[in-house]
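Since the structure of chain C is provided, determine the placement of chain Y on it from the hints.
From first to last, the protein sequence lines are chains C and Y.
Under the UniProt record's numbering, the first residue of the first sequence is numbered 1, with each subsequent residue one higher.
Under the UniProt record's numbering, the first residue of the second sequence is numbered 1, with each subsequent residue one higher.
No wet-lab data here; the hints were simulated from the structure.
Every residue gets a Cβ at the ideal spot worked out from N, C-alpha and C, and that includes glycine.
Careful: at least some of the hints might be erroneous.
As the list claims (entries may be wrong) - No more than 16 Å apart at the CA atoms, straight line, and that leaves these computed lysine to aspartate or glutamate pairs for EDC-like: (1) Lys-151(C) with Glu-143(Y); (2) Lys-213(C) with Asp-111(Y); (3) Lys-151(Y) with Glu-143(C); (4) Lys-287(C) with Asp-69(Y); (5) Lys-147(Y) with Glu-143(C); (6) Lys-287(Y) with Asp-69(C); (7) Lys-147(C) with Glu-143(Y).
As the list claims (entries may be wrong) - Some but not every residue of chain Y turned toward chain C, in silico, with C-beta under 10 Å: (8) Ile-129; (9) Asp-166; (10) Leu-362; (11) Glu-444.
2 protein chains.
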Amino acid sequence: MLPFKNLLLIDKNSSTAVFRQIASQLVLLIQKGILLPEMELPSTRSLAADLGLHRKTVMAAYNDLIAEDWVESEQRKGYRISALLPIIKPRSYTNNNSLTGYQGSADFLFDRLDHIPSLPVISPGFKLIVNDGFPETAIFPIEKVLKEYRKLLGHNVLKKSAASWDVGGSASFKEALHSFLNETRGLNIRPENLMITRGAQMAIYIAAALILKPGDQVLVSDPGYAIADAAFRQLGAELIRVPVDNDGMDIAAVETVLKTKKIKLLYIIPHHHHPTTVTLSSARRTKLLELIRTYQLAVIEDDYDYDFQYQYSPYLPLASGEHDGNVIYIGSLTKVLGAPFRLGYMISTADFLYSAVKLKSLIDLRTDVLMEGAIGAMISSGEFSRHIKKANKLYGARCDYGVGLISSELSNCIDLTKPQGGMALWLRFKEDFPVAKIISKASEMGLRLTGSAWHKGNSLKHNGLRFGFASLSETDIEFAVAVLKKITA
Amino acid sequence: MLPFKNLLLIDKNSSTAVFRQIASQLVLLIQKGILLPEMELPSTRSLAADLGLHRKTVMAAYNDLIAEDWVESEQRKGYRISALLPIIKPRSYTNNNSLTGYQGSADFLFDRLDHIPSLPVISPGFKLIVNDGFPETAIFPIEKVLKEYRKLLGHNVLKKSAASWDVGGSASFKEALHSFLNETRGLNIRPENLMITRGAQMAIYIAAALILKPGDQVLVSDPGYAIADAAFRQLGAELIRVPVDNDGMDIAAVETVLKTKKIKLLYIIPHHHHPTTVTLSSARRTKLLELIRTYQLAVIEDDYDYDFQYQYSPYLPLASGEHDGNVIYIGSLTKVLGAPFRLGYMISTADFLYSAVKLKSLIDLRTDVLMEGAIGAMISSGEFSRHIKKANKLYGARCDYGVGLISSELSNCIDLTKPQGGMALWLRFKEDFPVAKIISKASEMGLRLTGSAWHKGNSLKHNGLRFGFASLSETDIEFAVAVLKKITA
Numbered sequence: 001m002l003p004f005k006n007l008l009l010i011d012k013n014s015s016t017a018v019f020r021q022i023a024s025q026l027v028l029l030i031q032k033g034i035l036l037p038e039m040e041l042p043s044t045r046s047l048a049a050d051l052g053l054h055r056k057t058v059m060a061a062y063n064d065l066i067a068e069d070w071v072e073s074e075q076r077k078g079y080r081i082s083a084l085l086p087i088i089k090p091r092s093y094t095n096n097n098s099l100t101g102y103q104g105s106a107d108f109l110f111d112r113l114d115h116i117p118s119l120p121v122i123s124p125g126f127k128l129i130v131n132d133g134f135p136e137t138a139i140f141p142i143e144k145v146l147k148e149y150r151k152l153l154g155h156n157v158l159k160k161s162a163a164s165w166d167v168g169g170s171a172s173f174k175e176a177l178h179s180f181l182n183e184t185r186g187l188n189i190r191p192e193n194l195m196i197t198r199g200a201q202m203a204i205y206i207a208a209a210l211i212l213k214p215g216d217q218v219l220v221s222d223p224g225y226a227i228a229d230a231a232f233r234q235l236g237a238e239l240i241r242v243p244v245d246n247d248g249m250d251i252a253a254v255e256t257v258l259k260t261k262k263i264k265l266l267y268i269i270p271h272h273h274h275p276t277t278v279t280l281s282s283a284r285r286t287k288l289l290e291l292i293r294t295y296q297l298a299v300i301e302d303d304y305d306y307d308f309q310y311q312y313s314p315y316l317p318l319a320s321g322e323h324d325g326n327v328i329y330i331g332s333l334t335k336v337l338g339a340p341f342r343l344g345y346m347i348s349t350a351d352f353l354y355s356a357v358k359l360k361s362l363i364d365l366r367t368d369v370l371m372e373g374a375i376g377a378m379i380s381s382g383e384f385s386r387h388i389k390k391a392n393k394l395y396g397a398r399c400d401y402g403v404g405l406i407s408s409e410l411s412n413c414i415d416l417t418k419p420q421g422g423m424a425l426w427l428r429f430k431e432d433f434p435v436a437k438i439i440s441k442a443s444e445m446g447l448r449l450t451g452s453a454w455h456k457g458n459s460l461k462h463n464g465l466r467f468g469f470a471s472l473s474e475t476d477i478e479f480a481v482a483v484l485k486k487i488t489a
Numbered sequence: 001m002l003p004f005k006n007l008l009l010i011d012k013n014s015s016t017a018v019f020r021q022i023a024s025q026l027v028l029l030i031q032k033g034i035l036l037p038e039m040e041l042p043s044t045r046s047l048a049a050d051l052g053l054h055r056k057t058v059m060a061a062y063n064d065l066i067a068e069d070w071v072e073s074e075q076r077k078g079y080r081i082s083a084l085l086p087i088i089k090p091r092s093y094t095n096n097n098s099l100t101g102y103q104g105s106a107d108f109l110f111d112r113l114d115h116i117p118s119l120p121v122i123s124p125g126f127k128l129i130v131n132d133g134f135p136e137t138a139i140f141p142i143e144k145v146l147k148e149y150r151k152l153l154g155h156n157v158l159k160k161s162a163a164s165w166d167v168g169g170s171a172s173f174k175e176a177l178h179s180f181l182n183e184t185r186g187l188n189i190r191p192e193n194l195m196i197t198r199g200a201q202m203a204i205y206i207a208a209a210l211i212l213k214p215g216d217q218v219l220v221s222d223p224g225y226a227i228a229d230a231a232f233r234q235l236g237a238e239l240i241r242v243p244v245d246n247d248g249m250d251i252a253a254v255e256t257v258l259k260t261k262k263i264k265l266l267y268i269i270p271h272h273h274h275p276t277t278v279t280l281s282s283a284r285r286t287k288l289l290e291l292i293r294t295y296q297l298a299v300i301e302d303d304y305d306y307d308f309q310y311q312y313s314p315y316l317p318l319a320s321g322e323h324d325g326n327v328i329y330i331g332s333l334t335k336v337l338g339a340p341f342r343l344g345y346m347i348s349t350a351d352f353l354y355s356a357v358k359l360k361s362l363i364d365l366r367t368d369v370l371m372e373g374a375i376g377a378m379i380s381s382g383e384f385s386r387h388i389k390k391a392n393k394l395y396g397a398r399c400d401y402g403v404g405l406i407s408s409e410l411s412n413c414i415d416l417t418k419p420q421g422g423m424a425l426w427l428r429f430k431e432d433f434p435v436a437k438i439i440s441k442a443s444e445m446g447l448r449l450t451g452s453a454w455h456k457g458n459s460l461k462h463n464g465l466r467f468g469f470a471s472l473s474e475t476d477i478e479f480a481v482a483v484l485k486k487i488t489a
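Extracted from the complex, chain C is given alone in its bound form (with noise of 0.2 Å):
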């Protein structure tokens, strides 16, 4: 018999039962080949003894294997595992002391991916982290979405979302979004204009999917977004380079791609552009919607900040101009409301949009409702409005303090042109100053700047750093400046 008392590890503790515990490790055993089949089990008074527990706890035990047919019991003779299990060859458990194989030995071929690049990985206690350009989130109105959230969870919202399949992002947040979007964006959409995704992201990935096939040709920008980059090989494109000046991307360069390639896709940020911050010019977006209905090229025009715009009166987006409906327009209202608020959107043609529902279902089957909810009740109550009001006008003032202070105090190693909009300056550090240095350096000083660790693992050349000011006080900023400072001095 073997030694059960050392192979069953019984936890009076856990939550679950003592008897399922027993049975579970039971089946384990069979499914190892240490107990094969007609084995005799010991009796249930004996095991009983073994463990220090009532015979009516094993017996619980036994009569479950015997339901799920891992053990019979004979009448009389006690119990044995079934006969009718396949037979396991016998291994020794001190072999392998792990009841799985997640141990790293799968034989099968799977994708390395090694060409995403990896995000940075925040370790605690530095004095202060610079972001990528998120949202302050000290004026994000916890309140009001608290008292949303409440209003929703109740159980109608909950009977009525199990029912409900809408992949694409509820009716009513919908309507709300879209005239939001009409109102300031310069668009006429209606609602089955948009689907609602997981942040920009999964917008771009599902437009992206549909469109390009292995070997296809996209035309993103250098430097680029690495995210997206990255999302276009993954689907097997390959990617086009064309230079982006402190007017945007130069369209120039784009046509004359176009005249000479086959070009299935182009990606473009026309507002301040990731990770360069800079903002495509008005003669530009005319030419490029001039060459968008010559070469009826698609486009993914990625909006991701448009809401916060400071210089001047917003430009509007390419989707508010003549594009013969190849503009897919995609945005975001987490850089509003806060990284947990991951509520993206993708605008295009109502027949786009069928197949892009169809490819979301397969990828994330519902949206959030209670999310949608929320922030759908805000957006139509004015409240999203008024906080992207009081926002901008925060940003504002620390987008001039911190162009300001580091015009002055680092223009010997940055060069620095202020953006027109979006929570991020670009820093371009000179030659002399490699970045990947000076993050090592500040971060022994207890400043992690991680608006540049994007770029880790891809191939793009350049010596720039995302500094996030939305997020930063200016006694933050004034840190970070001297900081950085004492490193390049």
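Below, chain Y alone, put in the same frame as chain C:
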């Protein structure tokens, strides 16, 4: 001079400032080629008079346009459209009353995706909706979840979440969930074997996308889970179907296929298979584990409603057996918590998860830290397990009641085997009672049956209907059975 009074529509109730409305609309007119380069604009005084506005408002609009290079101001000569803009052929604005091109004229190619099943759209006004198998919302611990949200929605949590990039789930949630899974499923995983996703669906898609290349062959069941099947097809795979009987997927048939074909992946739901609700027998489980080791076969084990097993104590997942790391185990908390709480997960080797997290970053850059925080706290406090216990008791009783009533009242038209767990019954209608007709007639009588509409648009031929009992009271079940009895009498 153009009739600006008619071209510019000012909405004084809009949340967009009037001067911005004017500026935006003038840009649109430029982009449409209605206002051409070097064209003169009306004076601020005259346009203000035309529109019934203060002159300063118009000046603010013009100043914005000048800052954006759309308009030039010539001293003492007034304002004109910038000469630098590329010339655009004028179009009559009456040809296209829409401000955008989202009218379906897009000329680029994209996948139609007609192979993906359409999900049911539920119009209001039904007396009862029978779903595919979702939890009873009346027992959901709303107050406890709200309390957690209230605790979490503070500045510190929001601030922390902005700086962190836990693509695969927050550390604290993975810590809580991995313990729960080890305790309940006979697993022995570490947090690094776990990735959090938006529901099980995202985990299925990501796992399949890492493994499958176009042309690869995937073993699935017949009938099978339509949304997973569609995902494999979308990724270019060919489906090889193996029958399902009362003991689950036919593993002998699986072996036959493995002997002759190069199978890249097997997809299986061992507990409460979708749609048929059958559970894989012990003998077949053991045999399948043997095949997995022999063929080093990659397996997606979809165990979406493991937590609900009524008849016996749980069968353990394949993942708890010896599989050399080849089983990717996928589950969901949504079936416990309800549709709005989309928390799924993938368990695999650390190696596979490295790639899975990378791919996830392209699809959904961050997890829902609020939901993870709230539900993680419920898992740690034991509230989650208590809720499962409560739900199991209720669902078990409802399952009994439903099976009893349907067996006694509808045996003329329905074959039914009582499932060992889960949230739905699989009603196999006899040939004379086509399901499509029954759904349509029931609908007229106030009963909306959604548990088979999943299959609309897919190629599976069966005459079955999923009857989600978990969310139905005895009165609900009685109503549904009465309607079905009337229809099939």
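Hints, verified against the model:
no. : hint                       : verdict
1   : Lys-151(C) with Glu-143(Y) : holds (12 Å)
2   : Lys-213(C) with Asp-111(Y) : holds (10 Å)
3   : Lys-151(Y) with Glu-143(C) : holds (12 Å)
4   : Lys-287(C) with Asp-69(Y)  : holds (14 Å)
5   : Lys-147(Y) with Glu-143(C) : holds (13 Å)
6   : Lys-287(Y) with Asp-69(C)  : holds (14 Å)
7   : Lys-147(C) with Glu-143(Y) : holds (13 Å)
8   : Ile-129                    : holds (4 Å)
9   : Asp-166                    : holds (9 Å)
10  : Leu-362                    : holds (4 Å)
11  : Glu-444                    : violated (18 Å)
Checked against the numbered hints listed earlier, the structure breaks hint 11 alone; every other hint is satisfied.
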